[in-house]
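*Asks:* Sequence:
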Amino acid sequence: MTSPELPQAPQPSSVSLEKTIYTLDQMERITVPQIALAGRSNVGKSSLLNCLANRKNLAKTSSVPGKTRSLNYYLVHPEHYYLVDLPGYGYAKRPKSERNAWGNLMRRFLTSNKGLVGLILVLDSRLPPQAPDKEMAGMALEQGLPLLPVLTKADKCSQRDIAAAKRAWMELLGPEAAPVFFSAKTRLGRETLWEQIRLLISSQDHPLPDSEAQ
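Numbering (this note's numbering), first residue to last: 1 to 214.
Wrong hints could be hidden among the right ones.
Unchecked claim - Ranges of calculated distance between the beta carbons of each label pair, as one might list FRET restraints:
| # | residue 1 | residue 2 | range |
| --- | --- | --- | --- |
| 1 | Glu171 | Gln143 | 14 to 24 Å |
| 2 | Leu24 | Pro175 | 30 to 40 Å |
| 3 | Arg160 | Tyr22 | 41 to 51 Å |
| 4 | Tyr22 | Gln159 | 17 to 27 Å |
| 5 | Ser202 | Ala177 | 11 to 21 Å |
| 6 | Arg55 | Glu171 | 30 to 40 Å |
| 7 | Glu195 | Ile162 | 28 to 38 Å |
No lab work stands behind these hints: they were computed from the structure. A quick note: this is a predicted structure, and the numbers were derived from the prediction, not measured. Glycine included, every Cβ here is placed at the ideal spot set by N, Cα and C.
Work the whole structure out from these sequences, hints included.
*Replies:* Set out below in structure tokens:
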């Protein structure tokens, strides 16, 4: 007697960098859904993207804060949507004019983009809620964007620390915003994050027509 076949787990999506935008003049109309990734400089967004994509060098990592200075559009196959990596915020050692340019670029993307279906807020699990993170969360909530907190570097935290961080963010954002704990080193939370991303995309019933795109 043969044993029944077990259902196969969904294959991970493939991810590729498709476009990079540095200035407001380069902003263009996008007709497919997008999910943004925002977080403070050096919080681990690039490592998170590399882990999700199962590639070592898709997104450039650096020990120097402020490395990402552009909107980086990563196309997810075969579902055909973008993960958009935003410049890291909260880093004061760049010229004020440069920080203002990043801020204007992010605000345009977040407030004038009808293709945006959600925001992944990337946070350091070892820190309590920081003022810049609260501001970014507030901006997303003002726009009515679904917000998914992802707490990185969870392998460096005790279970007590993880429980405290979860409680702090749920008190701040509400019980529906339960954070995903993630570690690029151990791959903790990778599949859970993919599931949450696919849920955000599935909430978009159909691709946006040109007249409703960014």
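*Asks:* Mind checking the hinted window 11 to 21 Å against the Cβ distance between Ser202 and Ala177?
*Replies:* holds, 18 Å
*Asks:* Range first: 14 to 24 Å. Now tell me if the beta carbons of Glu171 and Gln143 are that far apart.
*Replies:* For Gln143 against Glu171, whose Cβ atoms are near 22 Å apart, the range 14 to 24 Å holds.
*Asks:* A range of 30 to 40 Å was offered for this pair. Does it hold for the Cβ distance of Arg55 and Glu171?
*Replies:* holds, 36 Å
*Asks:* When you take the CB atoms of Glu195 and Ile162, is the distance between them in 28 to 38 Å?
*Replies:* violated, 19 Å
*Asks:* Assuming the hint says 30 to 40 Å, is it satisfied by the Cβ distance from Leu24 to Pro175 or not?
*Replies:* holds, 37 Å
*Asks:* Against the range 17 to 27 Å, how does the distance between the Cβ atoms of Tyr22 and Gln159 compare: consistent or not?
*Replies:* Between Tyr22 and Gln159, where Cβ atoms are some 42 Å apart, the hint is violated.
*Asks:* For the hint 41 to 51 Å, verify it against the beta carbon of Arg160 and that of Tyr22.
*Replies:* holds, 43 Å
Consistency with the previously given hints fails for numbers 4, 7, ordered from lowest to highest.
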